[in-house]
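Got chain S sorted already, so can you dock chains P, G and C onto it with the hints?
Residues per chain are reported as follows:
Number of protein chains: 4
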Amino acid sequence: MKPAAAEAPFHFHTELRVRLPETDAMGIVFHGNFLTYLEVGRVDYLRNLGLSEGIRPIKGFENVVVSAHVDFKSPARFDDVLTVAARLAPIEKGKRSFTFEFRITHKKTNRLVALGHTTHCAIDSAYHPISVPEDFRITVGAFEGWA
Amino acid sequence: MKPAAAEAPFHFHTELRVRLPETDAMGIVFHGNFLTYLEVGRVDYLRNLGLSEGIRPIKGFENVVVSAHVDFKSPARFDDVLTVAARLAPIEKGKRSFTFEFRITHKKTNRLVALGHTTHCAIDSAYHPISVPEDFRITVGAFEGWA
Amino acid sequence: MKPAAAEAPFHFHTELRVRLPETDAMGIVFHGNFLTYLEVGRVDYLRNLGLSEGIRPIKGFENVVVSAHVDFKSPARFDDVLTVAARLAPIEKGKRSFTFEFRITHKKTNRLVALGHTTHCAIDSAYHPISVPEDFRITVGAFEGWA
Amino acid sequence: MKPAAAEAPFHFHTELRVRLPETDAMGIVFHGNFLTYLEVGRVDYLRNLGLSEGIRPIKGFENVVVSAHVDFKSPARFDDVLTVAARLAPIEKGKRSFTFEFRITHKKTNRLVALGHTTHCAIDSAYHPISVPEDFRITVGAFEGWA
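Residue numbers (our numbering), protein chains in the order written: chain S, 11 to 157; chain P, 11 to 157; chain G, 11 to 157; chain C, 11 to 157.
These are computed hints drawn from the structure, not numbers from a lab.
Since the structure is predicted, the reported quantities are computational estimates derived from the model, not experimental observations.
Check the hints yourself; a few may be wrong.
As the list makes no split between identical chains, a pair holds if one copy fits it or if it spans any two.
[What the hints assert, rightly or not] Subject to a maximum C-alpha distance of 25 Å in a straight line, what follows is the list of computed DSS-like cross-link-like pairs (lysine-lysine):
hint, residue 1, residue 2
1, LYS83, LYS69
2, LYS103, LYS117
3, LYS117, LYS69
4, LYS118, LYS103
5, LYS105, LYS83
6, LYS69, LYS118
7, LYS103, LYS69
8, LYS117, LYS105
9, LYS83, LYS118
10, LYS118, LYS105
11, LYS69, LYS105
12, LYS83, LYS117
Isolated chain S, as found in the complex:
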């Protein structure tokens, strides 16, 4: 979480409740399932901005996840309600990749549970990298306050 935006506030929050099959025999959420929680945060974020369309996560262009990182700060347990804060880091004009940043907290106590970020590359239908479309960049930037 070193990008310049690290100190910026989050303007979007969604929440979810931990399901039993997301926990493991250690009694806590299996760490890999946090990438599902980030996915939920990303999809809800895009829907809120009207940027998703039917079964396509982002309308207008495709993307692939190129990297994912999570720092686990404290455990989450069955039936915990988690708040997933999500934001898009500033995207420079013409760039092909964009990064979502996340902070997950335990809703009832505000305890920090995890920090994460995922980087995505915009692609065309032949899977070739393309510049992030301007309308996407502008819509998100207006919401986040960086464009």
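Showing chains P, G and C alone in chain S's frame:
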């Protein structure tokens, strides 16, 4: 879904939105994930009646799932909102097992997606079967209208 | 598991090792994950008979799962090696559906863990039911000894 | 994957076959499931060195995952066989954390699919950080060639 209660109405409904990792390469929700949806329905049903407690699905006694059955009526896809209707079939006094019945519909169209039921056995701390505790049977029966 | 074939032996076995994320906070495999184990058994069964093709579970025709049933006999835990026995119940000529039957045992102790069956419907590219193709029926029947 | 060990070879490999429920509606493995694949690699690595014990991933001490990172290089699809190479980066005496590094390749083509690393903290039964036990450090170091 042959029990006498099959024609009875459902009094409890909860909903969830299909997540991307719950779908598979066939483009639809992997059928096994419906058992997760039934789990969500069961946990929400019990919480609504004040019958869960912290991380224990049912307060007062433990249970194990002894069987699960699902009939798949139509596919569910990424981002679909599904309504999970849940009810407990009548439990005779002294019985050791109880059965949850479920009906999953596509919220936007009311299309039937799946019917299912799971049977559970009440157990003590040594994993031995016990009669379903009376307070549980009475609370649920009052809600369902069969006790 | 009431079909006529219930007493018939299983001629195909595959095995898998329980992964940590397949367990839940109750310390055992989440019951819904058994449908993943049945899926593994089915795919391995079909591959063994040369009936799968690339990313298509069955070459030559598509299918949808119409029902799934599992009876849970004893728990499975992290790192347990499970043996999944699979067979196809006899398919009458012209029938549109076929049923896989499964028995899962704990490899080290031969303890019965679960019994299950899944019923599938053969479909064409327009999702309409079709008769199970004869070459599939004959190949499987020859292996199972019922055709 | 910037640690000094980045150029070091991997001495341990395990493999797995992609299961249908691990893929998503995009037709490829959901990126979050790679953390399950790393888990499988880690558990197999420790079992190979006799460092696991029953249902405990590491005998002798507990650990928590403090961070996980994956770079996705190319997609994996249903039924692909993946090779998971795993190694432990050098652990200095007295350190409380240790890092597993992973490289996942497509077995049939040797195509690079993903690189990842997970960092773990050794803890005592009260969840307090402890130094990585010497016998663990020495056994792993002898295998890896750094101790």
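Here is what the structure says about each hint:
Taking identical chains as interchangeable, the C-alpha atoms of LYS83 and LYS69 lie at most 25 Å apart only when they sit on different chains, with a minimum of 24 Å there against 34 Å within one chain. For the homomeric pair LYS103 and LYS117, neither the shortest alpha-carbon distance inside one copy (36 Å) nor that between copies (39 Å) is at most 25 Å. Proximity of LYS117 to LYS69 under the C-alpha cut-off of 25 Å is restricted to the inter-copy arrangement: shortest distance 23 Å between copies versus 31 Å within a copy. For the identical chains of this complex, LYS118 and LYS103 are neighbours neither inside a copy (40 Å) nor across copies (38 Å), given an alpha-carbon limit of 25 Å.
Within a single copy, LYS105 and LYS83 get their C-alpha atoms only as close as 31 Å, which misses the 25 Å cut-off; across copies the closest is 19 Å, which meets it. In the homo-oligomer, the alpha carbons of LYS69 and LYS118 lie at most 25 Å apart only across protomers (21 Å), although the nearest pairing inside one protomer, at 35 Å, exceeds that limit. Taking CA atoms no more than 25 Å apart as the test, LYS103 paired with LYS69 passes inside one copy only; the shortest distance there is 19 Å, against 47 Å between copies. Taking the shortest alpha-carbon separations for LYS117 and LYS105, neither the intra-copy value of 35 Å nor the inter-copy value of 33 Å comes in at or below 25 Å.
Only within a single protomer do LYS83 and LYS118 lie at most 25 Å apart by alpha-carbon distance; the minimum there is 16 Å, versus 38 Å between protomers. In this assembly of identical chains, LYS118 and LYS105 lie within 25 Å of each other by CA distance neither inside one copy nor across copies; the values are 39 Å within and 34 Å between. In this assembly of identical chains, the alpha carbons of LYS69 and LYS105 lie at most 25 Å apart only when taken from the same copy (18 Å versus 42 Å across copies). For a Cα distance limit of 25 Å, the shortest separation of LYS83 from LYS117 inside one copy, 15 Å, qualifies, whereas the shortest one across copies, 35 Å, does not.
In summary, the numbered hints that this structure violates are 2, 4, 8 and 10.
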